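With these hints in hand, go ahead and build the complete structure from the sequences.
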Amino acid sequence: MIGSVYTPIATLSKQIRDGKVSPVELVETFLNRLESLGPRYNSVVNVTRKLALKQARKAEKEIEAGEYRGHLHGVPWGAKDLLSTKGIPTTWGAEPFRDRVLNTDATVVKKLEEAGAVLCAKLNMIEFAGGMGYRQPNASLMGPPRNPWNRETWAGGSSSGSGAAVAAGLVPFALGSETWGSILSPANNCGVAGLRPTYGRVSRHGAMALCWTLDKLGPLAQTADDCGLILESIAGPDPEDPTTYTEPWKYDPRNPKMKFSIGVIGGVADDANPEVKENFEKALKTLKSVASIGEIDLPDLPYEAITRTILNAEAASAFEDIVDSGTTHKLTASEDHWGPYARTVLLATDYIRAMRLRGKMVKVIAEAMDPFDVLAAPSAKKPASPIDKEFRKSAPGTTKDIMGAVGNGCGLPAVSIPDGFTKSKLPTGIQFMGKPYEENTILAIARAYQKLTDWHTHHPPLES
Amino acid sequence: MDNEETNEAKILFGLVKERYGNRVTTKELEEMRKGLEAILDASATMKIVKLENGDEPYQFFKPYGGKQ
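Protein chains in written order, with my numbering: chain A, 1 to 464; chain B, 1 to 68.
The set of hints was computed from the structure by calculation and includes no laboratory data.
Here the structure is a predicted model, which is why all the values come from computation and not from measurement.
The beta carbon of each residue, even a glycine, is placed where N, CA and C say it ideally should be.
Honestly, I wouldn't trust all of these hints.
[Claimed, not checked] Using C-beta positions, here's what the derived DEER-type ranges look like:
#1 B:Arg19 x A:Glu35: 39 to 49 Å
#2 A:Asn255 x B:Glu8: 48 to 58 Å
#3 B:Asn53 x A:Ala366: 16 to 26 Å
#4 A:Ala366 x B:Ile48: 18 to 28 Å
Right, dumping it as structure tokens:
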């Protein structure tokens, strides 16, 4: 018998393993939700019903035969539509690629299939993962990605459908990608957990490249614990992606006996929305029972300029043919038609300077973070913005996001979990950013916070 | 670059116009100019930091194939 669609993976997998939940019934439940509720949020591009039922029947047979593969065996999931899937369209969120089929499975898709997870849907995303400079939510082939907490607000982006589908209980988990903010933003807006792994922890092979040295793939799910279980299945070396770390990664769900040490950048929440700031401060108070908290001042470096220049230069090259061919003029957001043009004249010396400064940045940040296990900050400076309004008034790179610039520029892992609600019932989030390859540490702190609070057990009303 | 467009900005914007000017409206062209300003501002900000000759790009090249 199927329980709540919000059942965390550790519980759900035990029910599946014990034969209390049938993978086929479970998958049918989520397929029906994807088909009936997905369009309410513009969160789904394609429901993969035929494949999902085939994979679910296989999982059921194997589990009945005692061939249990692990936590994700028989568990439904959804893929951000920049992950290639053989025989199924991969749109990159872009109208011109609505029917395009890439004849390959991304490494993460293969890894999840090997883990016995069941692919139920390709999920909507911002066209080209936001790589054309979008400024408002209506920037996707399926329409503006709506937030299950309030359909008149944005789900966040660019892994919009991944966040919304998890929040609305359309899939137990989803994969997203982050170049700068694309996992943490939907996790924040939709009130779910989102894990951005260390750069190189997860193979990018078969995923759309926006920026080769910044792109990361990671899970969005109900809890931090879920994210750990999922990461274990998708992490590890891949000969197809030479940037992958050479060692496999094992999730450690045990709680450390020592108190955590949390650093907070001085003034990091000062320019945040007052309710976001208030919830963040309350979260820090709560965390004091399991952590010591100290202020940290980062050395003076142009973090945003460095990471933004790298992003602009690599994206200009990654999409050169698409931009030159005029394909961008067929995109949904009008600002994406011309948004990528200016960066095509970025000088090679400026890109190389950014990469040289990156070498300085990784060292000073490692040194500054040394006394702490993690840095904490609001996941985003504001809750979900209105669905029909610009969330960014000016060109990318002109707003301050030091955590995003440092975290992505240095390839550091971060997890976002909900830390409260605004008066208008929109979720807010807290992020924990760790040292390279320290996913187990950030997940342990996030789990500790989720043990002390119940924000992650709140779910959006379906009528919203 | 606040009010006065630098020569460098003029030259680079000329290149943007040369490449894509016939695809956009005057208003869009103005937005592209602002986008270029943000890119050049970032470049100027980065130039404040002194780099030494030995400060290499943080990207590693490795020959492919052969015996290591």
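Comparing the hints with the structure gives:
no.: 1; hint: B:Arg19 x A:Glu35: 39 to 49 Å; result: holds, 44 Å
no.: 2; hint: A:Asn255 x B:Glu8: 48 to 58 Å; result: holds, 55 Å
no.: 3; hint: B:Asn53 x A:Ala366: 16 to 26 Å; result: holds, 23 Å
no.: 4; hint: A:Ala366 x B:Ile48: 18 to 28 Å; result: holds, 22 Å
Going down the numbered hints, you'll see the structure goes against none, and every one checks out.
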